[in-house]
Each structure stands twice: as C-alpha cells, then as structure tokens.
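S.K.: Protein chains in written order, with numbering that gives the first Met the number 0: chain W, 0 to 280; chain V, 0 to 268.
None of these hints come from the bench; they were simulated from the model. Ideal Cβ positions, reconstructed from N, Cα and C, are used throughout, including at glycine. Watch out, some of these pointers could steer you wrong.
As the list claims (entries may be wrong) - Have a look at the derived ranges for each label pair, beta carbon to beta carbon:
| # | chain 1 | residue 1 | chain 2 | residue 2 | range |
| --- | --- | --- | --- | --- | --- |
| 1 | W | Arg258 | V | Lys193 | 33 to 43 Å |
| 2 | V | Thr93 | W | Ala101 | 47 to 57 Å |
| 3 | V | Lys183 | W | Gly89 | 23 to 33 Å |
| 4 | V | Leu190 | W | Ile96 | 25 to 35 Å |
| 5 | V | Asp5 | W | Arg184 | 40 to 50 Å |
Stated by the list, open to error - In silico DSBU-like links for lysine-lysine, alpha-carbon gap of 35 Å or less:
| # | chain 1 | residue 1 | chain 2 | residue 2 |
| --- | --- | --- | --- | --- |
| 6 | W | Lys205 | V | Lys193 |
| 7 | V | Lys183 | W | Lys103 |
| 8 | V | Lys183 | V | Lys152 |
| 9 | V | Lys126 | W | Lys205 |
| 10 | V | Lys88 | W | Lys103 |
| 11 | W | Lys251 | V | Lys126 |
| 12 | V | Lys116 | W | Lys205 |
| 13 | V | Lys100 | W | Lys205 |
| 14 | V | Lys100 | W | Lys103 |
| 15 | V | Lys183 | W | Lys205 |
| 16 | V | Lys88 | V | Lys152 |
| 17 | V | Lys193 | V | Lys88 |
| 18 | V | Lys201 | V | Lys116 |
| 19 | W | Lys103 | V | Lys193 |
| 20 | W | Lys103 | V | Lys201 |
| 21 | V | Lys126 | W | Lys103 |
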Amino acid sequence: MSTTGPFDVSAYVRQPFGPMRETLTGLGAVLPADLAETLRYVQRRAQGTGSWLSHVLVTATHKDARITAFLSTWAYELHWFGDALTAIAGAGPVPAIRRGVAAKLRDRFGPLREAIVANLHGRALTGVQMTERLVDGWIVDAMLERAQHLAPASVAADLARIREGIARQGRFFAESATDALSHSRAAQALARRRLAMRTWPIGADKEPADATARALQTLFGPDRSWAAAIDARIDTLPGLAGLNIVRRTVRKPGRRPTRIPLRGALTRRAARIPTRKEAAR
Amino acid sequence: MAFDIDTFAETSTAVTWGDIDLDAFRTNPLPETSLRALRYMCDVEYHTVCYLRDMLVTPSHGDGEVSTFMTMWNREEYWHGEALAAVLKVHGVTVEYDQLKATRIKLGWRDRIDPIKQSIYGNIVGKDFVATHMSWGSVNERGAAAAYRRLAKLEPHPALAPLLVRIAAQESRHIAFYTTQAVKRLEESTLARKFTRFALSKVWGPVGSTIEPDEEVRFVMGYLFDGEEGLKEVRKMDEAIAKMPGMTGLAINEKAFRARGLYADIPAA
Chain W
0 MSTTGPFDVS
10 AYVRQPFGPM
20 RETLTGLGAV
30 LPADLAETLR
40 YVQRRAQGTG
50 SWLSHVLVTA
60 THKDARITAF
70 LSTWAYELHW
80 FGDALTAIAG
90 AGPVPAIRRG
100 VAAKLRDRFG
110 PLREAIVANL
120 HGRALTGVQM
130 TERLVDGWIV
140 DAMLERAQHL
150 APASVAADLA
160 RIREGIARQG
170 RFFAESATDA
180 LSHSRAAQAL
190 ARRRLAMRTW
200 PIGADKEPAD
210 ATARALQTLF
220 GPDRSWAAAI
230 DARIDTLPGL
240 AGLNIVRRTV
250 RKPGRRPTRI
260 PLRGALTRRA
270 ARIPTRKEAA
280 R
Chain V
0 MAFDIDTFAE
10 TSTAVTWGDI
20 DLDAFRTNPL
30 PETSLRALRY
40 MCDVEYHTVC
50 YLRDMLVTPS
60 HGDGEVSTFM
70 TMWNREEYWH
80 GEALAAVLKV
90 HGVTVEYDQL
100 KATRIKLGWR
110 DRIDPIKQSI
120 YGNIVGKDFV
130 ATHMSWGSVN
140 ERGAAAAYRR
150 LAKLEPHPAL
160 APLLVRIAAQ
170 ESRHIAFYTT
180 QAVKRLEEST
190 LARKFTRFAL
200 SKVWGPVGST
210 IEPDEEVRFV
220 MGYLFDGEEG
230 LKEVRKMDEA
240 IAKMPGMTGL
250 AINEKAFRAR
260 GLYADIPAA
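Starting from the given sequences, assemble the full structure and let the hints guide the process.
M.R.: This is the structure:
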C-alpha cells in the first residue's frame with residue numbers, strides 16, 4: 000500500500016493486521032508488573048471500540064461507505080492488537096469502577112443523545128470523530144513507544160509491529176480530519192469543544208482515574224515532553240491551536256474535564272486563531 | 000454445543016474468490032433475474048454496518064463475546080458484499096462507495112430514526128434486549144444462508160455456485176453464534192421471551208426489507224422462495240425459529256412471504 004497520495008481504503012481493507020499470537024516474539028518474556036498492567040490498560044482501550052462506534056455510527060458518518068469500510072477493518076485490527084497485548088502481558092484484573100448515576104445515564108442514553116444531536120451537527124461531526132481518533136492514536140502510539148524502551152527487545156519488536164498498524168490507521172484519520180477541519184469552521188468549533196471535554200485516551204472514562212494515572216506514571220514518570228509534543232501536533236490541525244488537552248491529561252489523568260461555558264471560544268481567542276473576517280482580510 | 004468465540008475469531012476470514020474464474024461470466028453471463036437478486040444481496044451485505052449500528056446502541060455491545068463476534072461478523076459481511084460486487088462488476092454493474100453512500104442518504108428519516116428506536120427499546124427492556132437482538136440475528140442469518148443456498152441451486156453457474164456456497168458456510172457460523180446466544184438468554188428470562196416474541200411477530204420483516212423498495216423485496220423473495228420447493232425451505236427456517244424458547248408456533252417467514260403475495264395457490268399449514 001502506498002504511503003503517499005490519498006489513503007487507499009480498498010488496499011487497506013485487503014491487507015489488515017490479523018491474529019498475531021503465532022508470530023509474537025515476546026511471548027513468555029517476563030515483564031515488570033507495572034509495565035504488564037500498563038499494556039493491559041492499552042489492550043482494554045484497543046478492544047473497547049464498541050462504545051465509541053456506538054456514538055459514531057448513529058451520526059451522518061455511517062452514510063459514508065468509504066469511512067464505514069475503513070472502520071470495519073480498523074475495529075478488526077484493534078481487536079487483534081488487543082489480543083496480542085493480552086498474550087504479551089498476560090491476564091490480569093480489570094480495575095472495577097463505581098459509576099455514579101450521571102455516568103450510568105451517560106452510558107445508557109449517550110448514543111440516543113448523540114443520535115438526536117447528530118441531526119443538528121450533520122457532517123461537521125464526522126470531522127470531529129476523525130480528529131478524536133487521530134489524537135487518540137497519537138497518545139496510544141506515544142504510550143507504546145515508551146513501553147518499547149521499558150520492555151525486553153523481543154516484546155519491543157512486537158510493540159513496534161502494533162505501532163506500525165496504528166500509524167497506518169493514523170494516516171486515514173489524519174487525512175479525513177484535516178480535510179473536514181480545513182473545509183468547515185463548524186467542524187473546527189465543534190472539535191475544539193468536544194476534544195476539550197473528553198477524557199483521554201478514548202475510553203479512559205470507563206475506568207477509575209487511578210488506572211490512567213498509573214499507566215502514565217509507569218511509562219513517563221515526571222516527563223511531560225511527550226504530552227507537549229502531541230499538543231504541538233494538535234496545534235497544527237486547522238483551527239485547533241491552543242487546546243493543550245494532552246498536558247491537561249497528564250495533570251489530571253483519567254479525570255473528566257469540568258464543563259466551562261464558552262471554553263471553545265475562550266481557548267480559540269487565547270490561541271489567537273483568526274475569525275472568519277480576520278482570515279478573509 | 001457451546002459456541003467457541005475464540006476459535007470463531009481466530010478463523011474469521013474474508014471470503015475469497017481469487018481461485019474462481021469470474022471471466023466465465025463473460026462468455027456465460029447470468030440472467031437478469033439472478034443479477035437482480037445478487038444486487039439485492041450485495042446491498043444487504045454492505046448495509047451490515049448499519050445493522051451493527053442499531054445493535055451497538057443497545058446493551059449488546061457491553062458483552063465481551065457479543066462485541067468480539069460483531070467485530071468479526073461485520074467484517075465478514077462486508078467481504079460478502081465485495082465478493083458479490085466483483086460478480087456484478089463482470090456484468091457491467093458497478094457498486095462503489097459513492098453509490099452506497101447515495102443509497103444510505105436516500106433512506107432519509109427512517110434511517111435516522113432506527114438507532115433512536117433501538118436505543119429506546121434497549122433502555123426500556125434493559126439487558127434482556129440482548130436476547131431479542133440475538134434472536135433477530137439468528138432469524139436474519141438463517142434467511143441469508145437459505146437465500147444463498149437457493150440461488151446456488153436455481154443458478155448452478157460454475158463460477159457463481161461455489162462462491163455462494165462459501166458465503167453460505169460463513170452465514171452458518173453466524174447462525175450458530177446467534178442461536179446459541181439467543182437460546183441461552185431466552186431460557187433465562189420471561190421478559191426476554193415475551194419481548195422477543197412480540198418483536199419477531201409484530202416488527203420483523205425479511206432481510207433487506209428495511210432498505211430496499213417493496214417491489215425488490217417481492218421480486219427477490221418470490222424468485223428465491225416461491226413454489227412448493229421454496230415453501231419447504233421457508234418452513235424449515237420457521238421450524239428452527241419455533242424451537243427457540245418461547246417462540247413455539249411462530250411462522251414469521253411464511254407469514255411475511257404470504258403477505259407479499261407468495262404461495263397464493265398453496266394452503267397455509
């Protein structure tokens with residue numbers, strides 16, 4: 000599959016990453032307990048795509064057959080990346096979370112709410128969803144990259160293969176997100192609001208905040224340069240400068256951001272993003 | 000026999016047709032009627048992601064086994080669409096992403112309402128809705144597999160029949176999963192049995208009837224299942240459905256087909 004030019008969905012769906020267990024080099028390698036727990040954390044993110052998909056497919060995005068063809072294969076690949084991580088890290092306890100009434104209502108009525116809201120936002124929402132996955136891919140890739148340094152060489156080689164797959168998926172999300180954001184100010188505004196309101200990485204809100212905190216601490220310790228680097232990449236996306244969402248995640252891992260009225264507009268102003276009139280001038 | 004989801008996932012593959020000589024259609028093309036049926040089936044297979052959407056808004060996606068199955072199932076069905084599209088392409092009928100998008104857009108408000116409806120049902124019935132979802136899936140997969148087998152019998156083209164048999168074999172694995180899950184969940188809950196019986200007898204329609212014009216549904220169902228032979232297949236499907244807990248006496252396929260004008264000269268059982 001070519002790595003230049005528009006992303007070729009037909010080629011991608013024909014050559015997905017499938018079951019990896021038989022070709023893993025790191026099977027049986029002894030991992031430090033905290034690293035194994037962190038890899039299981041990443042595995043749960045990879046195999047927990049159903050919830051995100053349930054919010055995405057109720058929107059106009061599901062009408063786009065090119066995107067749904069991609070997402071069908073993307074979910075398949077993530078399933079097997081998760082399976083490989085389970086094989087490498089071994090089984091372990093899934094952190095129990097006590098979900099309050101608000102969280103339970105969100106779980107239950109989230110897709111319903113999204114289906115209704117989607118009718119108002121239309122295509123702008125597709126751009127937001129593609130951006131979400133792009134950013135999530137960057138965060139997960141940074142986690143796996145650091146895990147490579149902490150793991151034995153045989154495991155690092157397996158993680159490198161998973162990262163290769165995530166990078167390929169990222170090219171589709173980058174292309175779709177950039178295209179949508181550069182053509183729609185509504186998509187930019189919505190993306191600013193939604194990205195700032197999310198818990199990162201995607202799915203972290205399904206676990207106790209401690210689980211995300213431990214995973215980030217194990218991998219990065221006090222280092223925050225990785226977060227600044229991803230924030231800098233987000234800044235380059237059309238209309239998304241100044242969000243600083245990954246640095247916020249490091250400061251308050253696993254915590255749902257507080258809802259602040261006009262957050263999108265305020266951060267937009269702080270980041271000195273030109274208004275439509277200014278851009279026209 | 001218990002369904003092993005891990006084995007299913009590990010052996011889940013995209014259906015292949017590289018070894019089938021599709022060029023045989025150039026010298027020996029399929030008749031218009033079979034192409035029309037294939038087009039219908041192709042649309043339905045590609046539409047699976049929309050069925051997946053309707054299921055994801057219910058409590059089903061929270062179940063690990065169901066979630067793994069749906070990931071594999073959705074991809075396998077996508078490839079059924081691709082395989083049928085390859086056959087149609089040799090006949091000059093192209094099915095591309097943009098056309099599929101246009102078809103989905105044409106579904107209009109009904110398509111927007113569906114996930115909302117599903118989500119409301121799922122929230123009212125709660126966890127027991129998974130039983131309905133599994134039963135519904137079992138009925139639909141049974142219909143799809145029977146349709147492929149019937150078409151292979153009616154149209155024993157050397158390049159078509161083997162492909163349809165391969166697709167039907169994958170559909171049979173889907174039937175096994177859905178039915179195993181449905182039976183287990185229906186056995187466990189009276190509410191699940193009552194709601195599923197209500198949904199199947201009052202809301203269910205033949206596969207594809209929510210996305211294709213009624214004229215196409217009548218044509219394809221008539222082409223594949225009309226006459227004594229077709230009715231025998233239909234009754235076999237209904238017998239299997241009636242064996243699920245709480246579904247005794249249901250004959251939803253025969254009822255739906257008779258409502259579409261089939262078997263007018265054959266008395267009901």
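S.K.: All hints, please: hold or fail.
M.R.: Evaluation of the provided hints:
1. Arg258(W) <-> Lys193(V): 33 to 43 Å: 41 Å, holds
2. Thr93(V) <-> Ala101(W): 47 to 57 Å: 49 Å, holds
3. Lys183(V) <-> Gly89(W): 23 to 33 Å: Once the Cβ atoms are compared, 29 Å apart, the range 23 to 33 Å for Gly89(W) and Lys183(V) holds.
4. Leu190(V) <-> Ile96(W): 25 to 35 Å: 27 Å, holds
5. Asp5(V) <-> Arg184(W): 40 to 50 Å: 47 Å, holds
6. Lys205(W) <-> Lys193(V): 32 Å, holds
7. Lys183(V) <-> Lys103(W): 26 Å, holds
8. Lys183(V) <-> Lys152(V): The hint holds at about 33 Å.
9. Lys126(V) <-> Lys205(W): Status holds; Cα separation ~19 Å.
10. Lys88(V) <-> Lys103(W): 48 Å, violated
11. Lys251(W) <-> Lys126(V): It holds: about 34 Å lies between the C-alpha atoms, which stays within 35 Å.
12. Lys116(V) <-> Lys205(W): OK: Lys116(V) and Lys205(W) at ~25 Å, within 35 Å.
13. Lys100(V) <-> Lys205(W): 33 Å, holds
14. Lys100(V) <-> Lys103(W): 34 Å, holds
15. Lys183(V) <-> Lys205(W): Between Lys183(V) and Lys205(W) the Cα gap is close to 28 Å, so the pair holds against 35 Å.
16. Lys88(V) <-> Lys152(V): Distance ~22 Å between Lys88(V) and Lys152(V) Cα, so the pair holds.
17. Lys193(V) <-> Lys88(V): 45 Å, violated
18. Lys201(V) <-> Lys116(V): 15 Å, holds
19. Lys103(W) <-> Lys193(V): Judged against 35 Å, a Cα distance of about 26 Å means the pair holds.
20. Lys103(W) <-> Lys201(V): 31 Å, holds
21. Lys126(V) <-> Lys103(W): It holds: about 14 Å lies between the C-alpha atoms, which stays within 35 Å.
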